[in-house]
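With the sequences and hints as input, model every part of the structure.
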Amino acid sequence: MKRIFSYILYLTLFIPPLIFFTDLTRNPYYFQIVLVNSLTLLLWITWLVKGIKDREVTLYRTPLDLQLGAFLLIATVSWLVILLENFNTPYLKYSVYSEGSKRWFYLLVNSVLVYYIPVYFLNKETRNKFVNIIILASFIASVYGVLQYFGIEFIWSKVLNPFGGRSVSTFGNPNFLSSYLVLLFPVIFVFYIQSKSSLARLYYFIVFSSNFAALLCTMTRSSWLGAFIAMIMTLFFIWVYEKELFKKIQSMVTVMSFILLFAIIFWPKSTVSGYKPSVIERLTEAKQMKTNYYGPFHQRRLIWSCAWIMIVEKPVIGKGWGCFELFYPFYQGRHLFLRAYHGLRTHANNCHNEILEIWSQTGTLGFGIYLWLIFSVFSFGYFMIKNTQKEERLLSIALLSSLAGMLFDNLLNVSLHFAIPGFLYWWNVGLLASLEQNRGREVDLKPLFKQIMLYFIIIFFVFFILRYVGNFLGEVHYFAGFKLSKQNEIMASIPELEKAHNYQRFEVNNNYELANSYARSNQRDKAIYMYKESLRANAGYDEIYFNMATVLVQMGKVNEALPEYTRALYINPVSMEAYSALGSIFLQDPDRYNASGIALFKQCSTLFPDNKDVWNNMGYLYTKTNKFDEALEAYKKAIALDPDFDLAKRNARIVLLRTNKKDPFIDDIENSFNNIEINVKSNNWGKALKICQHLVEIAPNSFKARLYLANIYFTLKDFDKAAKEYNESLRLRPSNPLAMTNLGLLYFETKKYDLAKRTFEDILRIDPKNDTAKQILPRINSILYTPVQNRQ
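Note that my numbering gives residue 1343 to position 418 of the sequence shown, counting from 1, and the numbers run on in steps of one.
Treat the hints as calculated values from the structure; they're not laboratory data. Glycine included, C-beta positions come from ideal geometry on N, C-alpha and C. Mixed in with the good hints there might be a few duds.
Pairs of lysine-lysine, DSBU-like flavour, derived with a Cα cap of 35 Å [to be verified]:
no., residue 1, residue 2
1, K1677, K1612
2, K1315, K1173
3, K1168, K1054
Ranges between beta-carbon positions, derived for each pair [what the hints assert, rightly or not]:
no., residue 1, residue 2, range
4, R1430, K978, 30 to 38 Å
5, L1263, L1124, 56 to 64 Å
6, P1693, N1484, 46 to 54 Å
7, E981, E1414, 55 to 63 Å
8, T1209, V1165, 29 to 37 Å
9, L984, E1210, 45 to 53 Å
This is the structure we're talking about:
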């Protein structure tokens, strides 16, 4: 049976970090999750079966039993409390169950059960064999990651670059690979310095170097910090407790440090397309936050702000274990009105800070227990460093340092909560605990009730495995349906997505995509049902509410659509689509929804002050309630944004007629346009120019005024000013055929044939039937390809 344990363990440690699929599931690492958790459970099932067969098992006590059990208990209680609090809400009771259960399974299987694997299945003789299999896996993943960074792909048909030049290797995400490596640097280092043969030292040196290169290729700054902390801590403890060894390796460490520093400074950029900074550029780009909005920082600050509000709101028990992703969108709305957060992602899987991650979900009670657990890990690790010798002391130093590096990494990262790096973290914790003399206690399993209890645990674990397999099959069918949907093969996508829903009912992506396919195939009743199923899976997605409301409007159920649009805007107040959809309903019945419509467009105008339609619609609703001053101001803002906005000008003129007033700004614009046209017709170019210059001054956003001014300059042969105004007009209305044609003619007239050729080619791409371009281009080509001395 020990051999079976070893086989399963070798598979668990070696295969999951290295196996992934690029076109099978939405996330390439999803199979890793299923495999590592299923193998973990299989290992424990095998152990339980052996116990039943032998009629006894040995239970080991570790220094962290009480702390781990307490945290598992408080996580469970926090989840159940929030579930009960939301039991009467239509969607949240399902969502809390769905999201919380996923994270609870992760905590039990990927954390607690993994922690106990080294304790139960390793001993002094076998320990290094299993650690070395992990090191070998990291070496293969690192080499693959470095090759990937330089555009070399020998497994798949193309280079994988979902993160630009940042290597993902076999992990599907650079942040997961980097954290995995952080956990191994101290371990590889101590194996290197205590190697007895030069061949072994060479091997560990190569592995350490390749892992360091791969870490640089991930461009993950939090992991760089974690690796630095881990290695400094390793060297410090060796210096304090292994002084003779430190003296021996001091010069080697110095040389290696200079080599690594040299690599950091001169590491080349990736050859893969997309985002690909150098290491130094990646380190220094963070200074942008001092003068500008910097996405990586401001996204985290937004998430942290919401997490803190959750803590303040639920200080004792938190928002429920595993429920951060679910509740986060309901807290972000108030922050999204700040311009720093415009354009950021409106969903967050995790908190990107381990302190806030635990605190927000389990409250101060859970966070206190978690701190107790962390303190116990480090106090025990320190105890082992002081009270062991040689190999065990060095391994204790390496493991404790690796855990410190991972925790520092996760002050800005989320890798502790994903399968492979999370597995290795808890494996290292368990490995550290296993260094103590295990205190085993034989438990007699001859009584029938004890055997029955173990059978129940086995059935429970088998259920877990079946759930993982079902979820994996669901992901496969979902991704197949998703791809068909994106190819507009809607009817073909539906059976795949239905299978995905059958395999895992509470999976928001499955349900949402199936609802969209039903909606696109005019199966609206089914679409509404699946949108509701999506919300039962996770009620925090504004796009689900929005799409459901849109289908309800198509079905003529406007009253049912209104609250759904409102919920979408509550979650995501920067959704212009939601403002437009809800606003169109209000505009269709202004007498009934006037106050609501004005409030809606006022809020929208604070977020989108440069949207002329928002101001015009607000002015219309003010007009309907005879608030003419407010209406006129709104129309004037619309006109200022686009002085050629005829609808707003007509609306403003109606208000002026009703109030028997005049407005200098509007009158000036209209009179200027009229006078320009009169003077152009009479060839009075000097006066037309003066009026047009004045018009551009008071209405700089007028495409029409800019085009008039450019045409006048062209006529007066002031070509430089004409070109400038044509380009300004194209800035206001890119790809406008008339402005482009006139600019092309100007370039032709001034013998800038290359620019003229490029401009007319652009025109034909936009308007293939453009006669002017078709007539001029041959002449330009004839000139360009005629020898210079033969040109007239």
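Of the hints stated earlier, which fail here? Violated: none.
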